[in-house]
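Full structure from sequences and hints, please.
Protein chains in written order, with my numbering: chain D, 1 to 361; chain G, 1 to 212.
A hint or two may mislead.
Claimed, not checked - Pairs of lysine to any residue, SDA-like flavour, derived with a Cα cap of 25 Å: (1) G:Lys157 with D:Met304; (2) G:Lys70 with G:Glu56; (3) G:Lys130 with D:Ala77; (4) G:Lys53 with D:Glu168; (5) D:Lys305 with G:Lys157; (6) G:Lys15 with D:Ser224.
Quick caveat, the hints were computed from the structure, so don't treat them as lab data.
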Amino acid sequence: MKPSSLTGRQRVNRMLARRDHDRVPRCDTFWADTIARWQREGLQWDQNDVLRLLECDFQGLCWSWPAPFPLQRDVLASDAETETVRDGWGGVARYWKGRSGTPEHISFDCDSREKWERIYKPAMLAAPIQVDTRMALLRYREGRKLGRWTHLSGVEGFEALRRLIGDEAFLMAMIDDPDWVRDIVKVHTDIVLRTYEAILAEGVAPDGLWIYGDLAYNHATICSPAMYRALVWPEHKRMADWAHARGMRVIYHTDGRVGAVLDLFIEAGFDCLQPIEAKAGMDIRVLAPAYGSRLAMFGNIDVMKMATNDLGLIEEEIRSKFAAGMATRGYAYHSDHSVPPQVSWETYRAIIGLIDRHGAY
Amino acid sequence: MPLLSDLTAAVAAGKRTDTVRLTQELLAAGTSPQDVVEKGLVPGMAIVGDRFKRNEIFVPEMLVAARAMKEALKLLEPLLAAAGIKPKYTAIIGTVQGDLHDIGKNLISMMWRGANFAVIDLGTNVTAEKYLAAAKEHKANIVGLSALLTTTMPSMKETVRILKSSGLDGLKVVIGGAPITQEFANDIGADGYAADAGSAVDLAKRLVGEAA
Numbered sequence: 001m002k003p004s005s006l007t008g009r010q011r012v013n014r015m016l017a018r019r020d021h022d023r024v025p026r027c028d029t030f031w032a033d034t035i036a037r038w039q040r041e042g043l044q045w046d047q048n049d050v051l052r053l054l055e056c057d058f059q060g061l062c063w064s065w066p067a068p069f070p071l072q073r074d075v076l077a078s079d080a081e082t083e084t085v086r087d088g089w090g091g092v093a094r095y096w097k098g099r100s101g102t103p104e105h106i107s108f109d110c111d112s113r114e115k116w117e118r119i120y121k122p123a124m125l126a127a128p129i130q131v132d133t134r135m136a137l138l139r140y141r142e143g144r145k146l147g148r149w150t151h152l153s154g155v156e157g158f159e160a161l162r163r164l165i166g167d168e169a170f171l172m173a174m175i176d177d178p179d180w181v182r183d184i185v186k187v188h189t190d191i192v193l194r195t196y197e198a199i200l201a202e203g204v205a206p207d208g209l210w211i212y213g214d215l216a217y218n219h220a221t222i223c224s225p226a227m228y229r230a231l232v233w234p235e236h237k238r239m240a241d242w243a244h245a246r247g248m249r250v251i252y253h254t255d256g257r258v259g260a261v262l263d264l265f266i267e268a269g270f271d272c273l274q275p276i277e278a279k280a281g282m283d284i285r286v287l288a289p290a291y292g293s294r295l296a297m298f299g300n301i302d303v304m305k306m307a308t309n310d311l312g313l314i315e316e317e318i319r320s321k322f323a324a325g326m327a328t329r330g331y332a333y334h335s336d337h338s339v340p341p342q343v344s345w346e347t348y349r350a351i352i353g354l355i356d357r358h359g360a361y
Numbered sequence: 001m002p003l004l005s006d007l008t009a010a011v012a013a014g015k016r017t018d019t020v021r022l023t024q025e026l027l028a029a030g031t032s033p034q035d036v037v038e039k040g041l042v043p044g045m046a047i048v049g050d051r052f053k054r055n056e057i058f059v060p061e062m063l064v065a066a067r068a069m070k071e072a073l074k075l076l077e078p079l080l081a082a083a084g085i086k087p088k089y090t091a092i093i094g095t096v097q098g099d100l101h102d103i104g105k106n107l108i109s110m111m112w113r114g115a116n117f118a119v120i121d122l123g124t125n126v127t128a129e130k131y132l133a134a135a136k137e138h139k140a141n142i143v144g145l146s147a148l149l150t151t152t153m154p155s156m157k158e159t160v161r162i163l164k165s166s167g168l169d170g171l172k173v174v175i176g177g178a179p180i181t182q183e184f185a186n187d188i189g190a191d192g193y194a195a196d197a198g199s200a201v202d203l204a205k206r207l208v209g210e211a212a
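Here you go:
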């Protein structure tokens with residue numbers, strides 16, 4: 001098959017079906033500081049130009065993370081570097097100004113089941129659709145014109161729990177009050193699916209669903225596989241069933257070491273796993289032979305190796321992992337997280353060349 | 001009279017009510033507060049750390065165990081203070097400058113407290129100077145540095161350099177976080193690296209000369 005003989009949409013669909021295609025599909029994510037560095041080093045515009053240069057095959061249409069109070073954003077404090085904000089979920093967090101990084105979560109107002117049922121659940125259920133459905137339609141038309149694989153995106157219930165009641169409270173609630181956890185995950189899923197239905201009603205016919213929820217960290221899943229199965233998995237399955245009933249495939253994003261729950265992902269109906277974090281011990285050279293026929297693999301190229309700017313090391317990373325993934329016909333390129341600012345623009349352009357060289361079937 | 005081993009089992013299972021009740025009963029029966037901590041609670045948290053390392057339990061179970069111990073310590077700390085008994089070792093912990101992430105740091109802080117270290121938590125976005133000042137003020141044995149982001153690893157390197165060149169006698173600097181590896185710890189001259197909260201307890205004990 002000649003290179004680039006397929007559209008991105010055809011390529012990704014064939015990858016997800018393990019059918020022959022011309023080259024490895026591609027997408028990537030970058031920290032804001034990385035794009036800023038690359039602009040200093042010669043990148044003309046923004047990350048969209050990087051994705052064009054990469055020949056990205058994917059087109060996101062929306063981002064759904066419904067908040068109980070979508071208009072709430074109160075700045076409580078501000079200094080030269082950070083801003084402390086009460087957000088639409090009732091939480092207070094400190095954010096960096098104008099640079100990459102995760103926020104510091106300071107407090108969460110939804111700190112009891114009573115408050116959830118009295119304030120936050122009714123507010124979530126009463127809040128309007130929080131995605132611009134017309135914009136999703138425009139992005140869909142653009143994506144189809146560019147031949148890209150179009151997808152709805154958003155957060156799933158596990159991540160929603162963390163944002164609403166905070167890590168420590170929700171993880172202890174998984175033991176203390178599992179029905180509360182189930183209820184939050186279910187309500188979140190109801191609203192997300194309602195949002196996606198509103199987008200479909202505009203005439204959008206996406207190819208898939210790309211949902212985000214970090215279930216794990218370097219050492220293991222955050223909760224046990226059994227707890228995940230009991231409290232969160234049913235809503236994951238519901239999302240996957242909803243997508244499949246509408247002809248869509250499902251990509252699930254989670255960081256961390258998730259080897260212990262891959263069978264549950266497959267059972268839920270997830271078609272593809274992304275980004276397969278190398279520094280958490282995930283390695284498609286091991287995973288693809290075992291799971292590749294049932295779960296497509298998307299990512300796993302180690303950003304820590306990219307950050308060395310050592311092209312020999314990076315090429316071996318790409319060559320060996322592409323070979324393992326491509327052997328299943330179910331592999332797409334993505335870094336294993338987000339490309340960090342230690343990677344020079346020159347290096348990233350060379351990486352695109354390596355993807356060309358090693359990613360052709 | 002309940003046994004200290006009952007208390008150990010209660011805290012290891014994260015049973016907050018039982019932990020508090022057994023603590024009260026042991027004190028009422030004449031067990032010293034120091035023994036309640038060192039022979040009841042600390043072994044319970046050691047079980048938690050071991051089971052966590054082996055993936056037999058996960059973060060929720062670790063959190064409820066730490067909560068149970070914390071509740072018991074509320075009863076014990078005034079008694080320990082009145083008797084002039086303090087933890088033998090002091091640890092400083094924080095997330096390095098440029099990084100606001102705190103979940104991993106909080107877990108390690110809980111587990112170090114569970115191992116009967118006095119823990120001074122400096123929070124997030126901590127400068128090297130602040131770590132150094134706290135280490136001097138509290139005569140710390142250990143300083144723990146956490147980083148989530150690859151972008152803050154250089155800040156960790158600089159903090160380790162400043163702490164190690166400070167001349168503070170016997171101070172050990174340990175590091176951890178998502179992008180951190182043993183190799184990186186070796187490269188920047190840290191005294192140790194821990195991959196998870198359970199291992200962080202073993203590491204701290206080993207570095208202060210206690211059997212892990």
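Hint by hint, here is what the structure shows:
1. G:Lys157 with D:Met304: holds, 16 Å
2. G:Lys70 with G:Glu56: holds, 22 Å
3. G:Lys130 with D:Ala77: Roughly 22 Å between the alpha carbons, so the hint for G:Lys130 and D:Ala77 holds.
4. G:Lys53 with D:Glu168: Status holds; Cα separation ~19 Å.
5. D:Lys305 with G:Lys157: holds, 18 Å
6. G:Lys15 with D:Ser224: holds, 18 Å
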